[in-house]
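> Residue-level listing of the chains:
There are 2 protein chains.
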Amino acid sequence: MGGDYGPSVVVPAALRSLSRHPDLHLILVGDKTRLQEALASEQASENPRLTIHHASQQVMMDEEPGLALRNKKDSSMRVAINLVKEGEAQACVSAGNTGALVATARFVLKMIPGISRPAIIAALPSTTEACLSVRMLDLGGNVECTAEHLLQFALIGSTLTSAVEKIEAPSVALLNVGAESIKGNDLVKEAAPLLEAHPDINYVGFVEGDEIYSGNVRVIVCDGFVGNVALKTSEGVAKTLNYFMKRAFNRNLLTRLVAAIARPVLRSGLKSFDPKRYNGASLLGLNGIVIKSHGGADALAYSYAIEEALHEARSNIVKKITHKLTQLANESIAT
Amino acid sequence: MGGDYGPSVVVPAALRSLSRHPDLHLILVGDKTRLQEALASEQASENPRLTIHHASQQVMMDEEPGLALRNKKDSSMRVAINLVKEGEAQACVSAGNTGALVATARFVLKMIPGISRPAIIAALPSTTEACLSVRMLDLGGNVECTAEHLLQFALIGSTLTSAVEKIEAPSVALLNVGAESIKGNDLVKEAAPLLEAHPDINYVGFVEGDEIYSGNVRVIVCDGFVGNVALKTSEGVAKTLNYFMKRAFNRNLLTRLVAAIARPVLRSGLKSFDPKRYNGASLLGLNGIVIKSHGGADALAYSYAIEEALHEARSNIVKKITHKLTQLANESIAT
Numbered sequence: 012m013g014g015d016y017g018p019s020v021v022v023p024a025a026l027r028s029l030s031r032h033p034d035l036h037l038i039l040v041g042d043k044t045r046l047q048e049a050l051a052s053e054q055a056s057e058n059p060r061l062t063i064h065h066a067s068q069q070v071m072m073d074e075e076p077g078l079a080l081r082n083k084k085d086s087s088m089r090v091a092i093n094l095v096k097e098g099e100a101q102a103c104v105s106a107g108n109t110g111a112l113v114a115t116a117r118f119v120l121k122m123i124p125g126i127s128r129p130a131i132i133a134a135l136p137s138t139t140e141a142c143l144s145v146r147m148l149d150l151g152g153n154v155e156c157t158a159e160h161l162l163q164f165a166l167i168g169s170t171l172t173s174a175v176e177k178i179e180a181p182s183v184a185l186l187n188v189g190a191e192s193i194k195g196n197d198l199v200k201e202a203a204p205l206l207e208a209h210p211d212i213n214y215v216g217f218v219e220g221d222e223i224y225s226g227n228v229r230v231i232v233c234d235g236f237v238g239n240v241a242l243k244t245s246e247g248v249a250k251t252l253n254y255f256m257k258r259a260f261n262r263n264l265l266t267r268l269v270a271a272i273a274r275p276v277l278r279s280g281l282k283s284f285d286p287k288r289y290n291g292a293s294l295l296g297l298n299g300i301v302i303k304s305h306g307g308a309d310a311l312a313y314s315y316a317i318e319e320a321l322h323e324a325r326s327n328i329v330k331k332i333t334h335k336l337t338q339l340a341n342e343s344i345a346t
Numbered sequence: 012m013g014g015d016y017g018p019s020v021v022v023p024a025a026l027r028s029l030s031r032h033p034d035l036h037l038i039l040v041g042d043k044t045r046l047q048e049a050l051a052s053e054q055a056s057e058n059p060r061l062t063i064h065h066a067s068q069q070v071m072m073d074e075e076p077g078l079a080l081r082n083k084k085d086s087s088m089r090v091a092i093n094l095v096k097e098g099e100a101q102a103c104v105s106a107g108n109t110g111a112l113v114a115t116a117r118f119v120l121k122m123i124p125g126i127s128r129p130a131i132i133a134a135l136p137s138t139t140e141a142c143l144s145v146r147m148l149d150l151g152g153n154v155e156c157t158a159e160h161l162l163q164f165a166l167i168g169s170t171l172t173s174a175v176e177k178i179e180a181p182s183v184a185l186l187n188v189g190a191e192s193i194k195g196n197d198l199v200k201e202a203a204p205l206l207e208a209h210p211d212i213n214y215v216g217f218v219e220g221d222e223i224y225s226g227n228v229r230v231i232v233c234d235g236f237v238g239n240v241a242l243k244t245s246e247g248v249a250k251t252l253n254y255f256m257k258r259a260f261n262r263n264l265l266t267r268l269v270a271a272i273a274r275p276v277l278r279s280g281l282k283s284f285d286p287k288r289y290n291g292a293s294l295l296g297l298n299g300i301v302i303k304s305h306g307g308a309d310a311l312a313y314s315y316a317i318e319e320a321l322h323e324a325r326s327n328i329v330k331k332i333t334h335k336l337t338q339l340a341n342e343s344i345a346t
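Residue numbers (our numbering), protein chains in the order written: chain W, 12 to 346; chain D, 12 to 346.
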């Protein structure tokens, strides 16, 4: 029921993913009547792989997370996460209120021991053919971090990337203001030797902001404040460039004609950077898979978030991350 | 002599600025022979407003700042900053080694009392006609900041913006991960009430990364780590989008034809976002004006950096900032 469009986006996205993945089962959680209407308007036939699970409430996009948690015990979000907890679903996907989703997921699923708050990780586009996506974390879950947090992020980010992308020892870098080892704030300077020393992290050094999309590394680690600023700044730049291009194309009749000719080429080119294709951020560190779709996602974008959930469920990511973090906890006790 | 191109960029940039500003005087500092050759190759005639000041050394782009400071006492950078110190020049512009420029400027000019390291501020494009540029600081001078630093940045950033852009009480925002007051790390949460309470700061609240280029605010304040990441991420996104567009336009004969038609329109549109037009970051907090040009700037871009120096010199910015900071220091003693 969440996001800017609710069932009118979630239902066609679900139908798209079901047709693309013959072994996928989906449970639509929310107002039964509205979900049935949305299915009817998509002319969806009966599908044994698609069920509806009624939930009488919904969390509003601007609702205070604590209040949502206390007062909305039958919200679509809460019920969907309960299904993961009870093992009836292997993953939950939501385009709803991020704060409420994080709070509810923490409350219901609990964190893997050693992690205090979920780290948000997402795939980002890259200009390198051999490395079509880069994963970056934390994108806003933990705005105040220690070097140990960054070590955890490196470990769980590289575990996820390795499992989902099926590559051994993905390269991991710390986001910094310079590539030289003397550069940076205390946080990254303290974290660097921890990542360097850990046998399960293929640490390659510092990267600067302009290298995020270069594809030179697979996993980029930063604190949640910096990651959130970098991600949103990227969105802002893309929007700004789009605005300036549109304005130039709308200047007069001739430029509008040029636009009509150039638009298909530009669109196909910029598709590679389309945030839609990278929709679906994971809340890592929970005892279960929870994927956050962008609130403004359309059906295609939402279906990518569903597919991220599918990949993570298939690769048994929660168990792998739990194992890594237990190892890490034991190592720090041992030292 | 600095930057990726040395006199071959600086000399034509100087000639351009001289022809645009009839009351501008420029001193070219560096190897006399090379500067004369560069002037000759531009067919520059004798100009009473252009003089050459010989310097026998130059700081290399990858030279360690401390070594440059100790061993290169007759470098073009050092001599140019000396001229500012001695009052023979009102400002220094350099495309050279940033670390060495900051170290040399601090050593020669000294900081305004109350400031420990220069804050780097630059103008950025905006999509709002009424607010064509936004200024953001710190872009990397101070990677470890306290709330008091952010208060200083707000004060000096708004003093500069007010003086150069000739607007009273420019709006000032803190860069954060959300617009609500409960959002953020300890640093911005502590800084917000300080900015809010200060009578000389028109504080308007938090902005997120995607609002940097919106033109909703005039001055954006953040610590040097976050600012540097945001700026470089922006460069990275612009480069990435450019790469994807070029690739689409190069796909085949037809798309190359479309490119030939669309390129002039796109170029004119993206000109507004062209980093060249925003070249010239100021090192604020020094007892003198020092402008850092991008190392890769061409002559047009470099001339914008010269013009930033001119605007700042004309608006008597050092005196204004010194005044504000002395006030601030007295206030904190009084409280």
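Honestly, I wouldn't trust all of these hints.
The list treats identical chains as interchangeable, and a pair is accepted whether it falls inside one copy or across any two copies.
[As the list claims (entries may be wrong)] Calculated lysine-lysine pairs in the DSS-like style (CA-CA distance at most 27 Å, straight line):
1. K121 / K84
2. K84 / K177
3. K330 / K121
4. K177 / K194
5. K330 / K194
6. K282 / K250
7. K194 / K250
Since the hints were made in silico from the structure, they are not lab data.
> Would you mind marking each hint as holding or not holding in the structure?
Tested hints:
1. K121 / K84: within (17 Å within a copy, 61 Å between copies)
2. K84 / K177: Classified as neither; 38 Å inside a copy, 55 Å across copies.
3. K330 / K121: within (14 Å within a copy, 57 Å between copies)
4. K177 / K194: neither (33 Å within a copy, 36 Å between copies)
5. K330 / K194: Neither: 36 Å inside a copy, 32 Å across copies.
6. K282 / K250: both (14 Å within a copy, 15 Å between copies)
7. K194 / K250: between (31 Å within a copy, 24 Å between copies)
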